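Work out the full structure, taking the sequences as your base and the hints as a guide.
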Amino acid sequence: MAETSIFDQILDYSHRPDPYSLYAELRKTPVLRWKDGGYVVSTYREIVALLHDPRISSIRPEDVGGGPPSAEEGLPGLPPAFIRRDPPDHDRLRRLAMRHFGPPHSPGRVEGMRDEVTEIVTDLIDAFEGGNQVDIVDEFAYPLPVTVICRLLGVPREDEPRFRGWAAAFVETLDPRAGEAAERRRTAAHAELGAYLNELADARLRQPSDDLLSGLVTGDGADGRMSREDLLSTAALLLVAGHETTVNLIANGMLTLLRHPDVLDRLRREPDLIDPLIEELLRYEPPVHMSPLRTALADIEIAGTTIPKGAHITLILAAADRDPDRFPDPDRFDPDREDKEHLGFGGGIHYCFGAPLARLETRFALSELVRRLENPRLVTDPPPYRQNPALRGPRHLLIEFDGVVRSPA
Amino acid sequence: MRVVVDLTRCQGYGQCVFAAPEVFTMHGQEALLYDPDPSDEQRERVLRAKAACPVQAIYVDRLAAHVGGGRSQAYPGAGDGDGFKRSGRVVIVGASLAGLRAAMVLRREGFAGSLTLIGDETHEPYDRPPLSKQVLVGQVPLENTLLPRLADLDAEWLLGQRATGLDVTGKRVHLADGRQIGFDRLLIATGVRARPWPNEAEAALDGVCVLRTIEDATRLRQRLATGAGRVLVIGAGFAGSEVASVCRELDRPVTVAERGPSPLAGALGKVIGAIAGEMQREHGVDLRCGTTVTALEGDAEGRLRAARLSDGSTLEVETAVVALGAVRNVDWLEGAGLAAGVWGVGCDAGCRVFDINGLVTDDIFAAGDIARFPHPVYEYQFLALEHWGNAVAQAEIAAHNMVSDQTRRWAHLSLPVFWSSQFGVNIKSVGVPTFADEVMITQGSVAERRFVAVYGYRGRVTAAVTFDQAMWLEFYQRLIERAAPFPPDFDMVGRPAVMEPVPAEVPQRIGVAQGATVVVTGHDPGERRATLVRPQ
Ligand SMILES: Cc1cc2nc3c(=O)[nH]c(=O)nc-3n(C[C@H](O)[C@H](O)[C@H](O)COP(=O)(O)OP(=O)(O)OC[C@H]3O[C@@H](n4cnc5c(N)ncnc54)[C@H](O)[C@@H]3O)c2cc1C
Ligand code: HEM
Ligand code: SF4
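Residue numbers (this note's numbering), protein chains in the order written: chain A, 1 to 409; chain B, 410 to 945.
Note that these hints are calculated values from the structure, not bench results. This one's a predicted model, so the numbers in the text were calculated from it and none came from an experiment. Do not take every clue at face value.
Stated by the list, open to error - Quick list of in silico lysine to any residue cross-link-like pairs, SDA-like style, CA-CA up to 20 angstroms:
1. K309/A - D900/B
2. K309/A - P894/B
3. K35/A - I6/A
4. K309/A - F899/B
5. K309/A - D898/B
Here it is in structure tokens:
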């Protein structure tokens, strides 16, 4: 079918550098039927409607009815984390995690990490001194969020080589092309990561500190405490979601600024531009292009099509954010845009839990790169991309510069 | 700097609280309270909050202006063949939310003529919802509730000036000081006032309060901040319930006397009202339904001392808050020949006011709490809404139509949306919950005070109410707009174990126009007239 091939083209690795022109084509069929009876939705209004539609479930079809997936290789299976749960469980678990992260109980927690984030950013950029080329991804955009989420959660930063592989297995299943083998790898990784976090949780129970893991193992609120299994799944989700996404926002951000030297110049002169700029970035070059996580619980009529009960639904958030029916001149990067109602962090009850942290990290990351790198320029454009079409971003981003402005300290 | 959050749009994502925790706070899971006038030190953070809000509901130094429906809308210019847009005279009577909003839209649409705002309050326009919430509890100072100053409005402000009459044929508004202000087009936005305690002598006792204006709030805040005794709230509508909530938050003992079967029954029906009643009792409110206050008693100095209730009891109280609803500010329109009465000012869906015969006028418009307009979704019945969001939306329609010719006029068809925060819960509604015969809980848990209730009338969905579930409201709004069948019969996330519609037990809708009678006189079609018979 000619119709279905457009989405296959988008998924094809050759289109990773520029999926946007294909999104325009895709939007001509707002609700597209794809293989195996799945549906792909790509227009703004329709996606917003579906994000707020209670007839849509985020539970993995294989988890429906059954309890936690069966054990693999002798490791205990873990229940799905709240990103793959529905209300009321989703709401309860998210609320319990939020107790230690944001309002109403800990409204100052994320802002409180400001100094730490600045320090990490400063150290990473200090390390560029002496050279005149850097891979923004490996030497900056990846280590920053990993270090931050490790500190927040209370996971030793040195263990990064261990959980890097597990995280990759998680992220792989977000690729709409992923098959059962990937799903099996994820289940195994989930169990291994769970066992790893379980040891940390035990340690925190014996000796609590001020990190999130300690909060989760010791805390009780009105909703009670999380079971140990749910706690491990939650911590695993935060660990993975906390860096596999932010890395792309920082890398995409630098790439976009270098492609728009006028904006980069302006940002140097007007540091306050950074906040609206980040929101525009989340619209224009978002880290999360698609959410392949949903299933229809009932027949859903939308944009003249009926998505039948049981159908799998993929939301192309990045296509919606370029929808000319919603954003005038959508392919223009314009930080002055008044209207910033983008879907970069999703929407509805699964709206990104870590959005405030991601914003904080990206704010300091981009501001400092722009302030400190003298005459930065792209070495290759487009840069090489990661495989994944859902979490899309450069695998490497080589930048040349003339020098590094010393940090004041 | 001045901040307005369009709480009809806010879905409780809390991103603003992360960014500026000293300005935005979350009361319970979803009820957002904020300081409308934070200090300039907070500017950077507030702007960050504004940028981050996922539904872009935060306005800084501007009045809420979101165009519903998510689509950016072009504003075609009006046909200015008559030159009205260039040099006409617009007068707006009532300088509050609806009046200010209309003024702003008029200018945005290119109206360059003279613009006069007449308001009987001496303050700059201010926002009322905080008065029964963050202001009353003392979280935000009273003077912080002023609405954004619109520097580029270029309007003449006649504040502290009362309109006392309207000459429709001579196109003049009469002021209390004898002046007359001529207009080409007029907007009536005089809103409502608190219904006073019916016994005048009792109402005059020191300690008997109402809550509508900034002065009312100052007085009540003063009494709540200093005293310690029991507070009596008379009437458990939204205002009364919010006051009771604030009393409990301040640890003041409070009795709520409600004539009806439950709190909020007038707006949400008895079934959902009963849940609000349980919430009140859980928070230590002495709630007495089916009970009226029969007398308020003072001491020799004229201070309130006690209240007698219809259940036979006498309460010792020094503060009583009369929350018996509102009276529409139509007195100044007496004799003007418009369809104005206790029910408000009748107008068409384009906000054009009807004259007393039901003929639509072309130069007189109405918007906000004062207006009463037909809504096609509700069988063209006339609705009068005392909702913040309605004032904002309707004022925009009115202003647009004031500068547009016949072919470019808009109809006010947006569904009513209301919010209230009480006892740490954010209550929102969409549609008209009293337009219902049945109601059903479709999502969440009543026990946890987090649920969605859907209302149906003759087999179609007409309204929905959420308690701390605002993110789903949009979905139900679309069901209403599409006249979806009731009860909804599809599977949903968070469905309760039992899903069964029950009778909604809403009040009679006819009630609003009680006491208003019209007689029709004359025989020839050319001389038939309707005349209002005013209640004594
Ligand atoms: C305490 C309180 C809490 C509220 N909370 C909520 C809430 O949580 N959610 C919600 O949706 N809504 C709430 N509301 C309702 C909301 O504030 C109103 O819907 C809104 O104020 C309506 O605006 P308006 O401009 O139509 O009328 P008003 O605000 O009533 O303004 C009318 C103005 O006209 C003036 N006026 C009257 N007669 C004359 C005259 N003859 N000459 C000159 N001026 C005159 C009045 O003094 C007043 O200033 C609340 C209201 C109050 C009082
Ligand atoms: C720029 C960086 C980030 C982007 C673009 C991003 C994007 C998203 C998106 C689009 C979703 C919704 C998924 C869906 O509905 O299908 C989501 C959910 C989520 N994100 Fe993020 N994210 C980022 C950073 C983070 C960080 C730093 C954390 C952790 C601290 C995090 C934790 C989560 C969690 C836990 C969820 C699931 C929420 C739920 O199901 O309720 N994210 N994110
Ligand atoms: S929706 Fe906007 S205004 Fe409402 S709580 Fe969230 S960020 Fe704040």
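| task | Quickly compare the C-alpha distance for K35/A and I6/A to 20 angstroms and report which way the hint goes. | result | Holds: K35/A and I6/A sit about 12 angstroms apart, inside 20 angstroms.
| Is the Cα-Cα distance between K309/A and P894/B 20 angstroms or less? | holds (18 angstroms)
| message | With the threshold set at 20 angstroms, check whether the alpha-carbon distance from K309/A to D900/B stays at or below it. | response | Distance of about 9 angstroms is within 20 angstroms: holds.
| For the pair supplied as a hint, K309/A and D898/B, is the alpha-carbon distance within the 20 angstroms limit? | Holds, because 13 angstroms separates the two Cα atoms, which is no more than 20 angstroms.
| query | Within a Cα-Cα threshold of 20 angstroms, do K309/A and F899/B meet the stated pairing? | reply | holds (10 angstroms)
When held up to the earlier numbered hints, the structure conflicts with none and fits them all.
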